[in-house]
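Required output: the full structure, derived from the provided sequences and hints.
Each chain is listed here by its residues.
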Amino acid sequence: FFFLMIRRPPRSTQSRSSAASDVYKRQMEDTVVLAYWHIQSFAEPLRMLLEYLHIKYEDKAFHTDEEWAADKKALNFPFPNLPYLKDGDKVLCESEAIGYYLAFKAKRIDLFGTTEDERVQATMVRGVLADFYRDIGQFVWNPNCATDQPKVFEEKFNPRLKRLNDFAAGKKHIIGDNINLVDFLLYQVLYTVRKIDAKALDAYPNLQAIAQTFENIPEIKAYHESDRFKSRPIYDDEAPFKFPAP
Amino acid sequence: MAEASITLGYWGIQGLAEPIVKLLEYLGLKYQVKAYTSPEEWAADKATLNTPFPNLPYLKVGDKTLTESEAIAYFLVFHANRTDLFGANNDERVQATAVRGVVSDVTRDFVAFIMDASKHAEQDKYFEEKIHPRLARLNAFAAGKKHIIGDNLNLVDFALFHALYILGKMDSKVLDNYPNLQNIINNFNAIPQINAYHASDAFKNKPLLPPTAAYKFRD
Chain A
2 FFFLMIRRPP RSTQSRSSAA SDVYKRQMED TVVLAYWHIQ SFAEPLRMLL EYLHIKYEDK
62 AFHTDEEWAA DKKALNFPFP NLPYLKDGDK VLCESEAIGY YLAFKAKRID LFGTTEDERV
122 QATMVRGVLA DFYRDIGQFV WNPNCATDQP KVFEEKFNPR LKRLNDFAAG KKHIIGDNIN
182 LVDFLLYQVL YTVRKIDAKA LDAYPNLQAI AQTFENIPEI KAYHESDRFK SRPIYDDEAP
242 FKFPAP
Chain B
115 MAEASITLGY WGIQGLAEPI VKLLEYLGLK YQVKAYTSPE EWAADKATLN TPFPNLPYLK
175 VGDKTLTESE AIAYFLVFHA NRTDLFGANN DERVQATAVR GVVSDVTRDF VAFIMDASKH
235 AEQDKYFEEK IHPRLARLNA FAAGKKHIIG DNLNLVDFAL FHALYILGKM DSKVLDNYPN
295 LQNIINNFNA IPQINAYHAS DAFKNKPLLP PTAAYKFRD
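From first to last, the protein sequence lines are chains A and B.
Quick note on numbering: the first sequence equals residues 2 to 247 in our numbering.
Quick note on numbering: the second sequence equals residues 115 to 333 in our numbering.
To be clear, the hints were calculated from the coordinates, so they are not data collected in a lab.
Check the hints yourself; a few may be wrong.
Calculated lysine-lysine pairs in the DSS-like style (CA-CA distance at most 27 Å, straight line) [stated by the list, open to error]:
| hint | chain 1 | residue 1 | chain 2 | residue 2 |
| --- | --- | --- | --- | --- |
| 1 | A | Lys73 | B | Lys244 |
| 2 | A | Lys91 | B | Lys260 |
| 3 | A | Lys87 | B | Lys244 |
| 4 | B | Lys259 | A | Lys87 |
| 5 | A | Lys106 | B | Lys259 |
| 6 | A | Lys57 | A | Lys200 |
| 7 | A | Lys91 | B | Lys259 |
| 8 | B | Lys178 | A | Lys173 |
Predicted model, so just to flag it, every value in this text is computed and none were measured.
Below is the structure:
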């Protein structure tokens, strides 16, 4: 508890109370920094997670290599990479580690899974989604994406969507009744695939239902109605695949 | 009560499943190996495998089949009641997750390199640009530690060891500038179950790469 006591006061000026009971509340209201490029990509599941967990954050977005280079220098951290999370003096990289950290910080270890079996299943789904999301990134940056699109969907995307759809049958969230960290990554995959092709999920009603349930979570809904979400491109404007304008 | 039988399905190589094999050995679990020697043989089994995302490696335990290496590792940790291997506290768990991300990226990069013959002539340049920066960071992170997370062995030590092992086969000098990583490797090798497994025929006779890989090791 002592180290919390000597941290800097929060940047926001919302709470002026100095009562001991408010100190902890203010610590939880401290702003963390999530830094990434100015696009959705790998940071978006983390932004949604921060919103869901009610953790105040500064959404630090780099537009150029020079901006990142300057920040990297100022950060003075041995393993700088994007995305990173800064929480007080602590800096953390690797998106999955950041997700874990936030779940612990918010005391939401249920997000890992409420049973050992759920934790194993979530880890399995995360492996599948990590590959899927990487394939999406490769497609978006493929100079021949327009001509390759039907083949990519047939050979790479649809087989995975079908298996995920089967796995999702009868479930509220991808692991079951309880929302899981891996739901945030799944939603981003489904959202992006649907932006590539509006009909991409037509054949996968279980995934549509899960996406809708996720979108209707109040914190997610509010975030999606915000300007900072609406103005953010999914990937770089330079990418060969042209998404519809945000 | 009889212990549920464990079968690990994979190609008959070390490949990407070796961390799981070492984990099985370390945990002292009895297991069988189903080694596929052709894509056709695997395709036939894949069609009937009762699991949501059929792939290699898979783990069959009793009547359940599990895929995705990390999920298999998690399962084995729970099965053997060794949740300490996730990390001794939340901070270690987070650190282990971060290291795992770095090790996954390095592994993916050198696997892509091995499978792309057009790049092989440029190995030194490739190592300089992609591999050494990450090894330098891992080496700094490993300073003063017995295992990569600290005093306690972690799941991520298994993946890290295997990645460094393959890199060492690709370039015997790759760890010359990274004494902390050499130390970590030595400590991992010294674990009795690991040491015994490395001395076994099962390990020594197992090729590292698939027969289709065009990569030629230097030594």
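Each hint tested on the structure:
1. A distance of roughly 19 Å separates the Cα atoms of Lys73/A and Lys244/B; the hinted pair therefore holds under the 27 Å criterion.
2. Between Lys91/A and Lys260/B the alpha-carbon distance is near 23 Å, which keeps this suggested pair within the 27 Å criterion.
3. Proximity of Lys87/A to Lys244/B is assessed by CA-CA distance (about 26 Å); at most 27 Å being required, the pair is judged to hold.
4. With a C-alpha separation of about 24 Å, the suggested pairing of Lys259/B with Lys87/A holds against the 27 Å cut-off.
5. Our distance criterion of 27 Å between C-alpha atoms is met by Lys106/A and Lys259/B, whose separation comes to about 26 Å.
6. Only pairs whose Cα atoms come within 27 Å are accepted, and Lys57/A paired with Lys200/A is rejected, the gap being roughly 35 Å.
7. Note on Lys91/A and Lys259/B: the hinted pairing holds, with a Cα-Cα distance of about 20 Å set against a maximum of 27 Å.
8. With a C-alpha separation of about 23 Å, the suggested pair Lys178/B and Lys173/A falls inside the 27 Å cut-off, and the hint holds.
Comparing the model with each earlier hint shows a violation of hint 6 alone; every other hint is respected.
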